[in-house]
Amino acid sequence: MSEFNIVECGFNVADETLNFGSRMLADGDHLFEAHTLATIKQSDANEKISDINIQTCCTRNKLYYIVNKTIGVFTNLTCTELSFNTVLEQKIDTFCVTPDSKFLFICQRNGMVLYINIEEQEIILTKDVVNNDCLEEAFFMQCFIEEYTKINAKFVIVAKSGSIYRLTYNMETNFAAILSLKEFGFEIRTSAIIFPWLLVDGEKMAVYNLATGDSINGDPLDLIKVFPYSQQMFIGLDSNGSLVRICGRTLFYFYIKSEPLFKDFIYITFGVNESCTGPYCLCVTHENNIQLYDSFPILSEAKFSLKVNNNVRLICPGNLNEEPMYISIIEKENTVQELRLQVVIETAPEVRLKQLLRRHKFDEAEQFAKTHNLNNTEVLKAKAQVIIDKRTCSNEDIFNLLNILNSIDDIFFKLQSCLDTYQSCENLDDVQKILVYGSNCLVKHNVRISR
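Under the UniProt record's numbering, the residues of the sequence shown are numbered 1 to 451, in order.
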(Lines of atoms letter the chains of each structure in order from A and count residues from 1; the text may use other names and numbers.)
(Lines give C-alpha, C1' and ligand atoms only; values in the text may rest on other atoms or scores of the structure.)
Protein backbone atom coordinates (compact mmCIF):
# COMPACT_ATOMS: atom_id res chain seq x y z
CA MET A 1 0.00 0.00 0.00
CA SER A 2 1.21 3.49 -0.87
CA GLU A 3 2.40 5.64 2.04
CA PHE A 4 3.05 9.36 2.44
CA ASN A 5 6.82 9.20 2.76
CA ILE A 6 8.01 11.28 -0.21
CA VAL A 7 9.09 14.62 1.23
CA GLU A 8 10.25 17.72 -0.65
CA CYS A 9 11.48 20.72 1.34
CA GLY A 10 13.74 23.77 1.19
CA PHE A 11 11.50 25.78 -1.15
CA ASN A 12 12.46 29.38 -1.90
CA VAL A 13 9.87 31.81 -0.55
CA ALA A 14 10.31 33.98 -3.64
CA ASP A 15 9.17 31.06 -5.84
CA GLU A 16 5.88 30.46 -3.99
CA THR A 17 3.72 31.57 -6.91
CA LEU A 18 5.82 29.63 -9.42
CA ASN A 19 5.71 26.41 -7.39
CA PHE A 20 2.24 26.49 -5.85
CA GLY A 21 0.11 29.12 -7.59
CA SER A 22 -1.21 32.43 -6.29
CA ARG A 23 -0.01 33.54 -2.87
CA MET A 24 -2.52 33.45 -0.04
CA LEU A 25 -2.73 36.90 1.52
CA ALA A 26 -4.55 37.94 4.68
CA ASP A 27 -7.68 40.04 4.24
CA GLY A 28 -7.72 43.83 4.54
CA ASP A 29 -4.72 45.63 5.96
CA HIS A 30 -3.30 42.62 7.80
CA LEU A 31 0.36 42.09 6.87
CA PHE A 32 0.31 38.30 6.81
CA GLU A 33 0.65 35.72 4.06
CA ALA A 34 1.15 31.96 3.73
CA HIS A 35 4.27 30.23 2.42
CA THR A 36 4.83 26.54 1.65
CA LEU A 37 7.72 24.99 3.57
CA ALA A 38 7.48 21.35 2.47
CA THR A 39 5.29 18.84 0.67
CA ILE A 40 4.49 15.24 1.56
CA LYS A 41 3.39 12.89 -1.22
CA GLN A 42 2.52 9.23 -1.73
CA SER A 43 5.12 6.70 -2.74
CA ASP A 44 2.68 5.56 -5.45
CA ALA A 45 0.99 8.57 -7.03
CA ASN A 46 -1.51 6.35 -8.87
CA GLU A 47 -3.02 4.82 -5.73
CA LYS A 48 -6.21 6.48 -4.53
CA ILE A 49 -6.19 7.24 -0.80
CA SER A 50 -9.10 9.12 0.77
CA ASP A 51 -8.84 7.96 4.40
CA ILE A 52 -5.94 9.78 5.99
CA ASN A 53 -4.93 10.31 9.61
CA ILE A 54 -2.74 13.38 10.16
CA GLN A 55 -1.32 14.44 13.51
CA THR A 56 1.43 16.91 14.34
CA CYS A 57 3.41 18.23 17.28
CA CYS A 58 6.02 20.97 17.72
CA THR A 59 8.55 20.95 20.53
CA ARG A 60 12.08 22.29 20.95
CA ASN A 61 11.97 23.90 17.53
CA LYS A 62 11.24 20.59 15.78
CA LEU A 63 8.16 19.51 13.87
CA TYR A 64 6.88 15.94 14.28
CA TYR A 65 4.13 14.46 12.14
CA ILE A 66 2.38 11.20 11.40
CA VAL A 67 0.44 10.40 8.23
CA ASN A 68 -1.19 6.96 8.43
CA LYS A 69 1.85 4.65 8.89
CA THR A 70 4.51 7.30 8.26
CA ILE A 71 6.48 9.17 10.95
CA GLY A 72 8.55 12.23 10.09
CA VAL A 73 10.66 14.73 12.04
CA PHE A 74 11.92 18.07 10.74
CA THR A 75 15.00 19.41 12.53
CA ASN A 76 13.63 22.97 12.49
CA LEU A 77 10.35 24.81 11.98
CA THR A 78 11.42 26.12 8.58
CA CYS A 79 11.30 22.46 7.47
CA THR A 80 14.57 22.65 5.56
CA GLU A 81 15.88 19.28 6.75
CA LEU A 82 14.21 15.96 7.56
CA SER A 83 16.05 14.01 10.26
CA PHE A 84 13.64 11.08 10.64
CA ASN A 85 11.33 9.49 8.07
CA THR A 86 10.10 5.93 8.41
CA VAL A 87 7.07 3.78 7.65
CA LEU A 88 5.69 1.35 10.24
CA GLU A 89 3.84 -1.87 9.50
CA GLN A 90 0.64 -0.71 11.22
CA LYS A 91 -1.39 2.48 10.95
CA ILE A 92 -0.73 5.01 13.72
CA ASP A 93 -3.66 6.44 15.68
CA THR A 94 -1.89 8.97 17.89
CA PHE A 95 1.48 9.88 19.39
CA CYS A 96 3.28 12.21 21.80
CA VAL A 97 6.85 13.47 22.20
CA THR A 98 8.87 13.58 25.43
CA PRO A 99 9.77 17.09 26.69
CA ASP A 100 13.44 16.67 25.74
CA SER A 101 12.48 15.59 22.19
CA LYS A 102 14.44 12.35 22.54
CA PHE A 103 11.60 9.82 22.41
CA LEU A 104 8.36 9.22 20.53
CA PHE A 105 5.49 7.33 22.12
CA ILE A 106 3.38 5.75 19.35
CA CYS A 107 -0.08 4.18 19.64
CA GLN A 108 -0.87 1.89 16.71
CA ARG A 109 -4.33 0.91 15.55
CA ASN A 110 -3.77 -2.79 16.22
CA GLY A 111 -3.52 -2.05 19.96
CA MET A 112 0.28 -2.00 20.22
CA VAL A 113 2.37 0.90 21.53
CA LEU A 114 5.97 1.71 20.58
CA TYR A 115 8.64 3.75 22.32
CA ILE A 116 11.17 5.10 19.82
CA ASN A 117 14.54 6.68 20.47
CA ILE A 118 14.59 9.42 17.83
CA GLU A 119 18.29 10.23 18.12
CA GLU A 120 19.32 6.58 17.70
CA GLN A 121 16.39 5.86 15.35
CA GLU A 122 15.66 2.71 17.30
CA ILE A 123 12.51 1.11 18.72
CA ILE A 124 13.34 0.39 22.36
CA LEU A 125 9.91 -0.87 23.46
CA THR A 126 6.92 -2.64 21.95
CA LYS A 127 3.95 -3.47 24.13
CA ASP A 128 0.45 -4.79 23.47
CA VAL A 129 -2.17 -2.77 25.31
CA VAL A 130 -4.95 -4.82 23.73
CA ASN A 131 -5.31 -6.99 20.65
CA ASN A 132 -7.43 -5.05 18.17
CA ASP A 133 -8.46 -6.71 14.91
CA CYS A 134 -10.83 -3.96 13.74
CA LEU A 135 -8.50 -1.72 11.73
CA GLU A 136 -11.05 0.28 9.76
CA GLU A 137 -11.32 3.13 12.26
CA ALA A 138 -9.25 4.66 15.05
CA PHE A 139 -8.85 2.63 18.24
CA PHE A 140 -6.74 5.03 20.33
CA MET A 141 -7.88 8.66 20.50
CA GLN A 142 -5.07 10.40 22.43
CA CYS A 143 -2.04 9.72 24.58
CA PHE A 144 -0.41 12.00 27.14
CA ILE A 145 2.81 12.13 29.14
CA GLU A 146 1.93 11.91 32.83
CA GLU A 147 5.50 11.71 34.17
CA TYR A 148 8.93 11.77 32.56
CA THR A 149 12.44 11.48 34.02
CA LYS A 150 15.71 10.04 32.76
CA ILE A 151 14.74 6.69 34.28
CA ASN A 152 10.95 6.47 34.40
CA ALA A 153 8.13 7.46 32.09
CA LYS A 154 4.35 7.24 32.52
CA PHE A 155 1.86 7.62 29.70
CA VAL A 156 -1.93 7.91 29.82
CA ILE A 157 -3.69 6.30 26.85
CA VAL A 158 -7.30 7.05 25.89
CA ALA A 159 -9.15 4.46 23.79
CA LYS A 160 -12.22 5.23 21.71
CA SER A 161 -14.11 2.44 23.49
CA GLY A 162 -13.99 4.39 26.77
CA SER A 163 -11.00 2.60 28.31
CA ILE A 164 -8.21 4.57 30.00
CA TYR A 165 -4.79 2.95 30.40
CA ARG A 166 -1.50 3.88 32.03
CA LEU A 167 1.81 2.56 30.71
CA THR A 168 4.77 2.74 33.09
CA TYR A 169 8.25 2.24 31.65
CA ASN A 170 11.63 1.93 33.40
CA MET A 171 14.62 2.77 31.19
CA GLU A 172 17.18 0.98 33.36
CA THR A 173 15.37 -2.36 33.50
CA ASN A 174 13.56 -1.95 30.15
CA PHE A 175 10.41 -3.09 31.95
CA ALA A 176 6.97 -1.82 30.97
CA ALA A 177 3.63 -2.42 32.67
CA ILE A 178 0.10 -1.68 31.48
CA LEU A 179 -2.59 -0.75 34.01
CA SER A 180 -6.29 -0.32 33.21
CA LEU A 181 -7.26 2.86 35.06
CA LYS A 182 -10.90 3.35 34.10
CA GLU A 183 -13.68 1.86 32.00
CA PHE A 184 -16.15 4.64 31.26
CA GLY A 185 -18.49 2.40 29.30
CA PHE A 186 -19.16 4.95 26.56
CA GLU A 187 -17.44 6.00 23.35
CA ILE A 188 -14.85 8.77 23.62
CA ARG A 189 -14.18 11.16 20.74
CA THR A 190 -11.77 13.66 22.27
CA SER A 191 -9.84 14.30 25.48
CA ALA A 192 -7.32 16.60 27.19
CA ILE A 193 -5.31 16.55 30.40
CA ILE A 194 -4.50 19.09 33.13
CA PHE A 195 -2.87 16.99 35.81
CA PRO A 196 -4.52 15.40 37.71
CA TRP A 197 -7.70 15.85 35.66
CA LEU A 198 -8.37 13.96 32.44
CA LEU A 199 -11.39 15.31 30.56
CA VAL A 200 -13.14 13.08 28.01
CA ASP A 201 -16.15 13.77 25.80
CA GLY A 202 -18.14 11.54 23.50
CA GLU A 203 -21.43 9.80 24.19
CA LYS A 204 -21.05 11.38 27.64
CA MET A 205 -18.67 13.87 29.19
CA ALA A 206 -16.55 12.93 32.20
CA VAL A 207 -13.52 13.99 34.18
CA TYR A 208 -11.19 11.46 35.79
CA ASN A 209 -8.76 12.31 38.60
CA LEU A 210 -5.52 10.47 37.81
CA ALA A 211 -4.25 10.93 41.37
CA THR A 212 -7.28 9.67 43.30
CA GLY A 213 -9.19 7.56 40.77
CA ASP A 214 -12.38 9.58 41.30
CA SER A 215 -14.54 10.54 38.34
CA ILE A 216 -17.58 12.68 37.53
CA ASN A 217 -19.94 12.10 34.60
CA GLY A 218 -22.03 14.73 32.84
CA ASP A 219 -24.02 15.42 29.71
CA PRO A 220 -21.97 15.39 26.49
CA LEU A 221 -21.04 18.62 24.72
CA ASP A 222 -20.26 16.90 21.42
CA LEU A 223 -16.74 18.32 21.41
CA ILE A 224 -14.49 17.76 18.42
CA LYS A 225 -11.38 19.20 20.10
CA VAL A 226 -10.35 20.26 23.60
CA PHE A 227 -7.27 21.91 25.17
CA PRO A 228 -6.08 22.97 28.63
CA TYR A 229 -7.27 26.50 29.37
CA SER A 230 -6.02 27.28 32.87
CA GLN A 231 -4.98 25.40 36.01
CA GLN A 232 -8.37 23.71 36.28
CA MET A 233 -10.29 24.76 33.17
CA PHE A 234 -10.50 23.27 29.69
CA ILE A 235 -11.58 24.90 26.45
CA GLY A 236 -13.28 22.95 23.68
CA LEU A 237 -14.91 23.33 20.28
CA ASP A 238 -18.28 21.66 19.77
CA SER A 239 -19.69 20.29 16.53
CA ASN A 240 -21.80 23.44 16.04
CA GLY A 241 -18.66 25.57 15.91
CA SER A 242 -18.93 27.18 19.34
CA LEU A 243 -16.14 27.50 21.91
CA VAL A 244 -16.88 26.43 25.46
CA ARG A 245 -14.96 26.55 28.76
CA ILE A 246 -15.29 23.55 31.08
CA CYS A 247 -14.36 23.27 34.76
CA GLY A 248 -12.18 20.23 35.44
CA ARG A 249 -13.48 19.92 39.00
CA THR A 250 -17.23 20.19 38.45
CA LEU A 251 -17.88 19.87 34.67
CA PHE A 252 -19.68 23.22 34.77
CA TYR A 253 -19.33 24.83 31.36
CA PHE A 254 -19.62 28.32 29.88
CA TYR A 255 -20.02 29.12 26.19
CA ILE A 256 -17.86 31.84 24.65
CA LYS A 257 -19.66 34.26 22.38
CA SER A 258 -17.97 34.18 18.99
CA GLU A 259 -18.81 35.18 15.46
CA PRO A 260 -18.18 33.47 13.09
CA LEU A 261 -18.38 29.84 14.11
CA PHE A 262 -15.36 27.56 13.77
CA LYS A 263 -14.63 24.05 12.51
CA ASP A 264 -11.12 23.72 13.97
CA PHE A 265 -9.05 25.53 16.57
CA ILE A 266 -5.90 25.48 18.68
CA TYR A 267 -5.62 27.25 22.01
CA ILE A 268 -2.11 28.31 23.02
CA THR A 269 -1.12 29.48 26.49
CA PHE A 270 2.63 29.08 26.82
CA GLY A 271 5.62 31.17 25.73
CA VAL A 272 9.36 31.16 26.21
CA ASN A 273 9.96 34.78 27.13
CA GLU A 274 8.27 37.86 28.54
CA SER A 275 7.52 39.29 25.09
CA CYS A 276 4.71 36.76 24.62
CA THR A 277 1.32 38.42 24.92
CA GLY A 278 -0.81 35.27 24.81
CA PRO A 279 -2.83 33.30 25.30
CA TYR A 280 -4.26 33.34 21.83
CA CYS A 281 -6.52 31.18 19.73
CA LEU A 282 -5.91 30.00 16.16
CA CYS A 283 -9.16 29.03 14.41
CA VAL A 284 -10.55 27.89 11.08
CA THR A 285 -14.01 29.16 10.17
CA HIS A 286 -16.61 27.23 8.19
CA GLU A 287 -15.79 29.57 5.28
CA ASN A 288 -12.18 28.27 5.37
CA ASN A 289 -10.64 31.40 6.87
CA ILE A 290 -7.73 30.90 9.26
CA GLN A 291 -8.02 33.52 12.00
CA LEU A 292 -5.76 34.39 14.91
CA TYR A 293 -7.16 35.98 18.07
CA ASP A 294 -4.92 37.38 20.79
CA SER A 295 -7.69 38.48 23.14
CA PHE A 296 -9.56 35.99 25.29
CA PRO A 297 -12.23 35.06 26.32
CA ILE A 298 -13.71 38.03 24.43
CA LEU A 299 -12.95 37.44 20.75
CA SER A 300 -12.53 40.92 19.33
CA GLU A 301 -11.01 41.67 15.92
CA ALA A 302 -8.82 38.90 14.53
CA LYS A 303 -5.10 39.66 14.32
CA PHE A 304 -5.34 38.30 10.79
CA SER A 305 -7.82 36.45 8.59
CA LEU A 306 -6.40 34.31 5.80
CA LYS A 307 -8.60 32.62 3.21
CA VAL A 308 -7.41 29.12 2.28
CA ASN A 309 -8.56 27.09 -0.71
CA ASN A 310 -8.26 23.58 0.72
CA ASN A 311 -9.12 21.66 3.84
CA VAL A 312 -6.46 22.29 6.47
CA ARG A 313 -5.18 20.81 9.73
CA LEU A 314 -3.77 23.27 12.23
CA ILE A 315 -0.36 22.51 13.74
CA CYS A 316 -0.07 23.13 17.47
CA PRO A 317 3.05 25.23 18.11
CA GLY A 318 5.55 24.58 20.86
CA ASN A 319 5.12 28.09 22.25
CA LEU A 320 3.67 31.51 21.51
CA ASN A 321 6.81 32.72 19.75
CA GLU A 322 6.34 30.33 16.84
CA GLU A 323 4.54 31.43 13.72
CA PRO A 324 1.16 29.83 12.93
CA MET A 325 1.50 26.68 10.83
CA TYR A 326 -0.94 24.33 9.15
CA ILE A 327 -1.16 21.48 6.66
CA SER A 328 -3.15 21.94 3.45
CA ILE A 329 -4.74 18.76 2.11
CA ILE A 330 -4.63 18.89 -1.69
CA GLU A 331 -7.38 16.66 -3.09
CA LYS A 332 -8.57 15.72 -6.53
CA GLU A 333 -11.71 13.65 -7.11
CA ASN A 334 -11.90 12.88 -3.36
CA THR A 335 -8.36 11.50 -3.40
CA VAL A 336 -5.52 13.04 -1.42
CA GLN A 337 -2.79 14.14 -3.86
CA GLU A 338 -0.33 15.77 -1.48
CA LEU A 339 0.05 17.54 1.84
CA ARG A 340 1.61 20.99 2.09
CA LEU A 341 3.20 22.22 5.29
CA GLN A 342 2.58 25.95 5.34
CA VAL A 343 3.42 28.86 7.63
CA VAL A 344 1.76 32.25 8.10
CA ILE A 345 4.31 35.05 8.33
CA GLU A 346 4.12 38.80 8.70
CA THR A 347 5.42 40.73 5.70
CA ALA A 348 6.77 44.25 5.21
CA PRO A 349 4.18 46.80 3.98
CA GLU A 350 6.23 47.51 0.85
CA VAL A 351 6.23 43.83 -0.07
CA ARG A 352 2.48 43.52 0.44
CA LEU A 353 1.83 46.61 -1.69
CA LYS A 354 3.81 45.12 -4.59
CA GLN A 355 1.84 41.88 -4.28
CA LEU A 356 -1.47 43.75 -4.44
CA LEU A 357 -0.29 45.66 -7.50
CA ARG A 358 0.80 42.47 -9.28
CA ARG A 359 -2.76 41.23 -8.77
CA HIS A 360 -4.17 44.53 -10.12
CA LYS A 361 -6.04 45.14 -6.85
CA PHE A 362 -5.65 48.90 -7.21
CA ASP A 363 -8.44 50.11 -4.94
CA GLU A 364 -7.21 47.83 -2.18
CA ALA A 365 -3.63 48.93 -2.86
CA GLU A 366 -4.52 52.62 -2.61
CA GLN A 367 -6.25 52.10 0.71
CA PHE A 368 -3.35 49.96 1.92
CA ALA A 369 -0.80 52.63 0.96
CA LYS A 370 -2.82 55.27 2.77
CA THR A 371 -3.17 53.15 5.90
CA HIS A 372 0.55 52.37 6.08
CA ASN A 373 1.78 55.82 4.98
CA LEU A 374 3.32 54.53 1.75
CA ASN A 375 3.93 56.63 -1.36
CA ASN A 376 0.97 56.29 -3.71
CA THR A 377 3.15 56.80 -6.79
CA GLU A 378 3.77 53.07 -7.21
CA VAL A 379 0.01 52.46 -7.29
CA LEU A 380 -0.47 55.14 -9.95
CA LYS A 381 2.38 53.75 -12.05
CA ALA A 382 0.93 50.25 -11.87
CA LYS A 383 -2.50 51.52 -12.97
CA ALA A 384 -0.89 53.38 -15.85
CA GLN A 385 1.14 50.35 -16.87
CA VAL A 386 -2.02 48.28 -17.34
CA ILE A 387 -3.15 50.74 -20.02
CA ILE A 388 0.32 51.07 -21.55
CA ASP A 389 0.58 47.29 -21.97
CA LYS A 390 -2.64 47.10 -24.00
CA ARG A 391 -2.26 46.19 -27.65
CA THR A 392 -4.94 48.72 -28.60
CA CYS A 393 -5.87 51.79 -26.54
CA SER A 394 -9.31 53.37 -26.85
CA ASN A 395 -10.15 57.04 -26.39
CA GLU A 396 -11.25 56.26 -22.83
CA ASP A 397 -7.95 54.48 -22.14
CA ILE A 398 -5.97 57.53 -23.27
CA PHE A 399 -8.15 59.85 -21.20
CA ASN A 400 -7.62 57.71 -18.10
CA LEU A 401 -3.89 57.37 -18.76
CA LEU A 402 -3.34 61.12 -19.02
CA ASN A 403 -5.29 61.70 -15.81
CA ILE A 404 -3.08 59.18 -14.04
CA LEU A 405 0.12 60.67 -15.46
CA ASN A 406 -0.95 64.11 -14.21
CA SER A 407 -0.68 62.76 -10.66
CA ILE A 408 2.83 61.37 -11.17
CA ASP A 409 5.95 63.52 -10.74
CA ASP A 410 8.38 61.12 -12.39
CA ILE A 411 9.13 62.84 -15.74
CA PHE A 412 11.04 59.90 -17.17
CA PHE A 413 8.12 57.56 -16.46
CA LYS A 414 5.76 59.99 -18.18
CA LEU A 415 7.97 60.25 -21.26
CA GLN A 416 8.43 56.50 -21.53
CA SER A 417 4.67 56.00 -21.10
CA CYS A 418 3.97 58.31 -24.03
CA LEU A 419 6.58 56.59 -26.21
CA ASP A 420 5.16 53.16 -25.38
CA THR A 421 1.52 54.16 -25.97
CA TYR A 422 1.16 56.43 -29.02
CA GLN A 423 1.47 53.55 -31.50
CA SER A 424 -1.37 51.70 -29.75
CA CYS A 425 -3.93 54.50 -30.14
CA GLU A 426 -7.06 53.75 -32.17
CA ASN A 427 -7.27 57.23 -33.73
CA LEU A 428 -5.00 60.12 -34.71
CA ASP A 429 -6.53 62.52 -32.19
CA ASP A 430 -5.34 60.30 -29.35
CA VAL A 431 -1.90 60.00 -30.95
CA GLN A 432 -1.72 63.80 -31.01
CA LYS A 433 -2.78 64.04 -27.34
CA ILE A 434 -0.09 61.59 -26.28
CA LEU A 435 2.68 63.26 -28.31
CA VAL A 436 1.72 66.75 -27.14
CA TYR A 437 1.62 65.56 -23.55
CA GLY A 438 5.05 63.99 -23.92
CA SER A 439 6.45 67.11 -25.56
CA ASN A 440 5.19 69.27 -22.72
CA CYS A 441 6.81 66.90 -20.23
CA LEU A 442 10.08 67.18 -22.13
CA VAL A 443 9.90 70.97 -22.07
CA LYS A 444 9.30 70.97 -18.33
CA HIS A 445 12.14 68.52 -17.84
CA ASN A 446 14.56 70.68 -19.83
CA VAL A 447 13.55 73.75 -17.84
CA ARG A 448 14.31 71.95 -14.61
CA ILE A 449 17.71 70.83 -15.91
CA SER A 450 18.64 74.36 -17.02
CA ARG A 451 18.02 75.61 -13.54
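What the hints contain is simulated information worked out from the structure, not anything from laboratory work. Heads up, a few of these hints could be off.
Computed list of lysine to any residue pairs in SDA-like fashion (alpha-carbon distance at most 20 Å, straight line) [claimed, not checked]:
1. 41 with 52
2. 48 with 87
3. 225 with 87
4. 390 with 428
5. 182 with 230
Tested hints:
no.: 1; hint: 41 with 52; result: holds, 12 Å
no.: 2; hint: 48 with 87; result: holds, 18 Å
no.: 3; hint: 225 with 87; result: violated, 27 Å
no.: 4; hint: 390 with 428; result: holds, 17 Å
no.: 5; hint: 182 with 230; result: violated, 24 Å
Hint compliance for this structure: hints 3 and 5 are not met, and every other hint is.
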